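Assemble the complex: chain A is given as a structure, and chain B must be docked to it using the hints.
For the protein sequence lines, the chains are A and B, in the order given.
Just so you know, we're using numbering that gives the first Met the number 0 here: the first sequence kicks off at 0 and counts up by one.
Just so you know, we're using numbering that gives the first Met the number 0 here: the second sequence kicks off at 0 and counts up by one.
What the hints contain is simulated information worked out from the structure, not anything from laboratory work.
Please note that the accuracy of each hint is not assured.
[As the list claims (entries may be wrong)] With a Cα cut of at most 30 angstroms, we get these calculated BS3-like pairs of lysine-lysine:
hint: 1; chain 1: A; residue 1: K157; chain 2: B; residue 2: K58
hint: 2; chain 1: B; residue 1: K55; chain 2: A; residue 2: K157
hint: 3; chain 1: A; residue 1: K157; chain 2: A; residue 2: K122
hint: 4; chain 1: B; residue 1: K38; chain 2: B; residue 2: K257
[As the list claims (entries may be wrong)] Here are a few chain A residues that face chain B, going by a calculated C-beta distance under 8 angstroms:
hint: 5; residue: I4
hint: 6; residue: T5
hint: 7; residue: A7
hint: 8; residue: D9
hint: 9; residue: L15
hint: 10; residue: G16
hint: 11; residue: Y75
hint: 12; residue: V164
hint: 13; residue: G166
hint: 14; residue: Q175
hint: 15; residue: E176
hint: 16; residue: R180
hint: 17; residue: F182
hint: 18; residue: M183
hint: 19; residue: T184
These numbers were taken from a predicted model, which means no experiment stands behind them.
Glycine is no exception: its CB is placed at the ideal position from the N, C-alpha and C atoms.
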Amino acid sequence: MDDLITEAWDARDVILGGLLQTLSISALAIVLGTLLGVLVGVALVYGAWPLRLAARAYADVMRGTPVLVLVLAAFYMPAVLGLHLQPFAAGVLALTLFCGAHIGELIRGALGSIPRGQTEAAKAVGLTFFGVLAHVLLPQALRSLLPPWINTCVEMVKASTLLSVIGVGELLLRTQEIIGRNFMTLQFYLLVGALYLVVNFAIEQAGKALERRVAFR
Amino acid sequence: MPAISKVLSTGAAVVALSLAFIATAEADGKLQEVLARGKLIVGTGSTNPPWGFQDKGGKLVGFDIDLAHIIAKGLFNDPAKVEFVTQSSDARIPNITTGQVDMTCQAMTVTAPRAQQVAFTIPYYREGVALLLKKGGKYADHAALKAAGAGVTVSVLQNVYAEDMVHQALPDAKVDQFDNVGLMYQALNSGRADAAATDASSLRWFMKQNPDRYVDAGYGWNPQNYACAVKQGDADWLNFVNTAIEQALTGVDYGDYKTAYETWFGVTPPAPAIGFPR
Chain A
0 MDDLITEAWD ARDVILGGLL QTLSISALAI VLGTLLGVLV GVALVYGAWP
50 LRLAARAYAD VMRGTPVLVL VLAAFYMPAV LGLHLQPFAA GVLALTLFCG
100 AHIGELIRGA LGSIPRGQTE AAKAVGLTFF GVLAHVLLPQ ALRSLLPPWI
150 NTCVEMVKAS TLLSVIGVGE LLLRTQEIIG RNFMTLQFYL LVGALYLVVN
200 FAIEQAGKAL ERRVAFR
Chain B
0 MPAISKVLST GAAVVALSLA FIATAEADGK LQEVLARGKL IVGTGSTNPP
50 WGFQDKGGKL VGFDIDLAHI IAKGLFNDPA KVEFVTQSSD ARIPNITTGQ
100 VDMTCQAMTV TAPRAQQVAF TIPYYREGVA LLLKKGGKYA DHAALKAAGA
150 GVTVSVLQNV YAEDMVHQAL PDAKVDQFDN VGLMYQALNS GRADAAATDA
200 SSLRWFMKQN PDRYVDAGYG WNPQNYACAV KQGDADWLNF VNTAIEQALT
250 GVDYGDYKTA YETWFGVTPP APAIGFPR
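Chain A with its partners taken away, still in its complex shape (with noise of 0.2 angstroms):
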């Protein structure tokens, strides 16, 4: 145990550099990919047949690739075409576009499960496309969206674990590091699982306190 304390302290800035990487990847992908989920959802209920269509082949494909995959491809496929991205780059672009499609299809329920009524009440008022959407339905969808976009956001907190594999210096990367150095695995992966519990278990306060605020009251 002193051994692990030890180590931990001298690994500290190690450590704290990876935990640093891996929030600001998380937040990046979350904010890209929900202003991307949006316009996607938008697309997936409102677009006219060939966007939707556009919409709908690349919400299928993300989901139905492993996360994996998409980071070997963001980090390759551009360097086959001559653009090389650095890890970090192809790192977020790959977590972004998977964060997109899923919100997409969260926004694409959330939009049809609210009555069709409400948009035509909207329209008789005399709002405009873009004004029924920002002032009645997003704001509902909203409600019925925050509990599943968390879980996403924890989902992206999780998966860009993965991105050590394309050698982006996040937390797990990191953790490797020492542990090929001090050879103290479990105590190392255990470290780092507790942090990432702390990390995922703060985005859930967070979450909940966001759905108490926007409840109906």
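Frame of chain A, contents of chain B only:
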């Protein structure tokens, strides 16, 4: 709908492939590209001491790292002009073939099947398996272990071939497999095993970090040549890297190679003989 997705992804793959051919057709020499860029991009590992790993301060160090610095010195007269791309060992070949790195130096064993996909440089080290003993322990060297026959227990990292590998050197020894290196060394320390069988380089590095506690049994087997690798099809670049490595092994840069060898393996490599150059 899935059928349409499939058509779309196949289409994308076809476009990607055809663009790839255009990209390779217009590429000119890698040597000129690297010189113009002003830095060398080297793929390497970060979890495998003493080849490429992070020291306590989070700095990438190791024998492969030092070798890359020697090559950068040959290119720019400045060993610091290297950018390292850390990669898992699975990524070594794809990162070369897709051009993510100029070269890879990552404890890579030369094999004929791999040589069909990448171009290997000349080897810079020969890895093997060696036996670690406790200093002043029951057995002094390999001969003593072998003479003791079935009375000897050898700890080894878990592997499909581990049992056969140990039996090549000690035909009657009992083999205890462990699923991580720490446990393997621990078995030796606690006396559960009489010797630990591991890569010669790991053994050397471990002995260097724990001076006066262990001895090498003095027997190595299972040879594997380690070489850097570059993309196929660029003879000038391969020749440049080969020349740089050859001069580190036997020529003007031998001093740098020697320093690196002593740093990571704790022993001095044989000095190049003056006169006949082989």
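Enumerated hints in conflict with the structure, sorted upward: Numbers 3, 5, 6, 7, 9 - these are the hints that the structure violates, sorted from lowest upward.
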